[in-house]
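Protein chains in written order, with the working numbering: chain X, 1 to 274; chain Y, 1 to 227.
Treat the hints as calculated values from the structure; they're not laboratory data. Among the clues, some could well be false.
Claimed, not checked - Derived lysine to any residue pairs resembling SDA-like cross-links, with alpha carbons at most 25 Å apart:
hint: 1; chain 1: X; residue 1: Lys-50; chain 2: Y; residue 2: Asn-88
hint: 2; chain 1: Y; residue 1: Lys-47; chain 2: Y; residue 2: Met-126
hint: 3; chain 1: X; residue 1: Lys-242; chain 2: Y; residue 2: Gly-87
hint: 4; chain 1: X; residue 1: Lys-69; chain 2: Y; residue 2: Tyr-4
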Amino acid sequence: MGKKAFKAVALVLALSFVLALAGCGNNTANTEQNTAAEQGEGGQAAAEKKVYLVGTEPSFPPFEFTDEKTQEITGFDIDLIKEIAKEAGIEVQIQSLGFDGLVPALQAGNIDIIMSGMTINPERAKEVDFGTPYFDAGLKIAVAADNDSIKSVEDLKGKTVAVQIGTTGAEKAKELKEQGIIKEIKTYNTVDVVFMELISGKVDAVINDLPVNEAYMAKNPGKVKMVGEVLNGEQYGFAVAKGNKELLEKLNAGLKKVKENGKFDELKVKYFGS
Amino acid sequence: MQYYLQHLSAVFPSLLQGAVLTVEVTALSVFFGTIIGLFVGMGRLAKNKLAKTICAVYVDVIRGTPLLVQVFIIYFGVPNLVLQVTGNRFPIDPFIAAVLACSINSGAYVAEIFRAGIQSIERGQMEAARSLGMTNAQAMRYVILPQAFRRVVPPLGNEFIALMKDTSLLSAIGLEELVRKGQLYTATTFASFPVYTGVAIIYLIMTMTVSRWVAYTERRLSAGDHS
Numbered sequence: 001m002g003k004k005a006f007k008a009v010a011l012v013l014a015l016s017f018v019l020a021l022a023g024c025g026n027n028t029a030n031t032e033q034n035t036a037a038e039q040g041e042g043g044q045a046a047a048e049k050k051v052y053l054v055g056t057e058p059s060f061p062p063f064e065f066t067d068e069k070t071q072e073i074t075g076f077d078i079d080l081i082k083e084i085a086k087e088a089g090i091e092v093q094i095q096s097l098g099f100d101g102l103v104p105a106l107q108a109g110n111i112d113i114i115m116s117g118m119t120i121n122p123e124r125a126k127e128v129d130f131g132t133p134y135f136d137a138g139l140k141i142a143v144a145a146d147n148d149s150i151k152s153v154e155d156l157k158g159k160t161v162a163v164q165i166g167t168t169g170a171e172k173a174k175e176l177k178e179q180g181i182i183k184e185i186k187t188y189n190t191v192d193v194v195f196m197e198l199i200s201g202k203v204d205a206v207i208n209d210l211p212v213n214e215a216y217m218a219k220n221p222g223k224v225k226m227v228g229e230v231l232n233g234e235q236y237g238f239a240v241a242k243g244n245k246e247l248l249e250k251l252n253a254g255l256k257k258v259k260e261n262g263k264f265d266e267l268k269v270k271y272f273g274s
Numbered sequence: 001m002q003y004y005l006q007h008l009s010a011v012f013p014s015l016l017q018g019a020v021l022t023v024e025v026t027a028l029s030v031f032f033g034t035i036i037g038l039f040v041g042m043g044r045l046a047k048n049k050l051a052k053t054i055c056a057v058y059v060d061v062i063r064g065t066p067l068l069v070q071v072f073i074i075y076f077g078v079p080n081l082v083l084q085v086t087g088n089r090f091p092i093d094p095f096i097a098a099v100l101a102c103s104i105n106s107g108a109y110v111a112e113i114f115r116a117g118i119q120s121i122e123r124g125q126m127e128a129a130r131s132l133g134m135t136n137a138q139a140m141r142y143v144i145l146p147q148a149f150r151r152v153v154p155p156l157g158n159e160f161i162a163l164m165k166d167t168s169l170l171s172a173i174g175l176e177e178l179v180r181k182g183q184l185y186t187a188t189t190f191a192s193f194p195v196y197t198g199v200a201i202i203y204l205i206m207t208m209t210v211s212r213w214v215a216y217t218e219r220r221l222s223a224g225d226h227s
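Produce the complete structure using the sequences and hints provided.
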């Protein structure tokens, strides 16, 4: 039975792969369409069906989060990319991913666009192509509301700081640690855990994007406060795979139109109140 | 308490959605994993050296590396490799990547369960079957495997339950299973305690259901033993 068993093993492995693909056809109709469109070279019908997958990490309110009632991913970024897509004449579908998985997923071709409150920085720009910056943000230090000892970056000397993995806040913290200011950095996957650690007193401060801190403070009044200056003037941008000029130009043109027709300001009022 | 119940009831519907996906991934992976495991387990006992080696390597590699890494390799690594080698994009859906990784992972553990089950059947059974004129394959199919299967039900149940809990790792590739649904809710509400106790309760209900079902199957299979 040696040879037979071997053949059977190979067959089963192949079969299970095929079945796995077929078995979840319904869940992935759009993705498969997407794949089909890409593989069917040049066919016009196929090209029209092309749906661009937008990767986002929906634990970053008010930029992207899951609506508690509808269970859909929404937020400033999501509405914005949908408006941009409308103007650019393309179809988009939102795909939820971990933040640190966004760039790898884009490089792997699992998604086409990143729209996730992503700060444009040189390290990332080496791996992906960013569009026109669409939002000015900055980093700010947050501490517990009753903390009076930390008032600026200098006061972080010897303190423990919590950050979200893969964010620019995490990079800033690393920089400060190398300068000998911060004593220890604790890294977490999602931003809510970062704040949880701050409130429970396990860390002294948090370095995070300013609007995210604001969103947390609005939801949980009286628990944390922001101190010090804005750390760096940073800008958010959407991104596409390196070298995907065609898509990037479409999106940039779309963003320009959305800014011109007033939709951009409408969204700002909707999500930030100003 | 008010706070607790309010968030628990708010998050519950979405947790249930996540639980459905958890069950789907687990069920498909257990199914494929059992098929893979059955053949790999027999392969490890085969006389053919090549088959034996391939199966042994598969079991060692899969059991020796974490499921999370395997998920990453399939979801990020394989499409990236295809892109590097062929220049073509090869997007993979998170659900497919999840089922694939979990099936391959589970297959290695199930293979060892089956191997042990088959080896636990006394040599005399095989010898007796062969002396009746059965071929090796026939003896395996009609004599050894039915008996072995009865013995592997409890460890298979363990594997089923372990895999169900391990699917929580799939939240890392954004698959909105039970844990991920909880994460997404806490991301906006910061109500981690009610949400994660809710998640734990749902896992507990699901794993208890599986263990009851395994116990029932075990009883039914052993009922014929002494009749």
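Are any of the numbered hints broken by this structure? If so, which, sorted upward?
Going through the list in order, the structure violates no hint and respects every one.
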